[in-house]
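All chains, full assembly: derive it from the sequences and hints.
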Amino acid sequence: MTMERLQKILAQAGVASRRKCEELILAGKVEVNGEVVTTLGTKADPDADEITVSGRAIKAQKKLYLMFNKPKGVITSATDPEGRKVVTDYIKGIKERVYPVGRLDYDSEGLLLLTNDGDLAQKMTHPSHHVPKTYLATVEGIPHGDSLEKLRRGIQLEDGMTAPADLDYYDVDQEKKQATIRITIYEGKNRQVRRMFDAISHPVKRLKRISMGNLYLQNLKRGLFRHLTANEVNELKQLADKKNLMDKKNDES
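When the count follows full-length UniProt numbering, it moves up by one through the sequence shown with no breaks and lands on 253 for the last residue.
The reader is advised that the hints may include incorrect statements.
[To be verified] Computed cross-link-like contacts, DSSO-like style, restricted to lysine-lysine with a CA-CA straight-line distance of at most 27 Å: (1) LYS8 - LYS237; (2) LYS221 - LYS205; (3) LYS95 - LYS63; (4) LYS20 - LYS242; (5) LYS43 - LYS92; (6) LYS189 - LYS237; (7) LYS20 - LYS205.
Don't read these hints as lab results, they were simulated from the structure.
Spelled out as structure tokens, the structure:
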């Protein structure tokens with residue numbers, strides 16, 4: 001008998017991320033052997049206990065890891081009550097349920113990871129850290145070097161100081177009076193890149209994520225997806241595990 005925390009069992013079965021699974025438990029939507037469970041930390045045996053979510057029995061799923069090139073004007077969600085396009089509308093031919101890891105806002109585009117591996121999703125989106133994410137930000141005007149230096153050092157936003165970022169000029173268009181900046185951040189505040197450039201008075205006109213951890217968008221066309229290779233999955237897991245181990249050591253020190 002292998003007893004595991006209920007939210008971990010649900011996440012491993014591809015129900016949702018571990019955080020979302022905790023919300024489902026607290027909302028009373030999870031039953032174990034016919035009894036509603038609302039206490040986080042409750043353990044069960046996935047091989048022996050009957051576990052249901054909203055009346056549907058869970059079962060182990062093949063783990064899937066997909067890279068998707070999200071177009072602008074698409075919601076980073078599996079569903080939308082307003083009927084707008086969502087990322088899963090583009091994931092055709094996949095029977096397993098997958099969900100996005102992290103977010104790209106409605107007006108942004110580029111690399112998005114989708115998976116049914118709840119453990120990996122939880123590690124990659126934990127508030128204490130995030131894997132490096134690189135964007136091409138086309139902004140109004142041409143920021144001077146001292147403005148970019150503020151972003152390199154970290155800049156004060158309404159929800160706190162940002163961590164230092166890596167930046168360099170990708171393209172400068174004097175005629176259109178705009179510049180494209182390659183920026184890498186190491187955290188995941190809401191609409192962070194847009195707010196960082198707002199803070200130096202150079203609003204973002206277009207934002208595209210081109211890499212995330214060891215994953216690179218490269219030539220994947222907008223609106224299409226591909227499966228990650230075995231090497232990409234292993235490297236991503238190693239990166240997530242390494243950063244979680246570092247966070248744990250820092251918490252204990």
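Verification of the supplied hints:
1. LYS8 - LYS237: holds, 17 Å
2. LYS221 - LYS205: With Cα atoms ~21 Å apart, LYS221 and LYS205 stay inside 27 Å; holds.
3. LYS95 - LYS63: Roughly 12 Å between the alpha carbons, so the hint for LYS95 and LYS63 holds.
4. LYS20 - LYS242: holds, 23 Å
5. LYS43 - LYS92: Roughly 35 Å between the alpha carbons, so the hint for LYS43 and LYS92 is violated.
6. LYS189 - LYS237: holds, 22 Å
7. LYS20 - LYS205: violated, 32 Å
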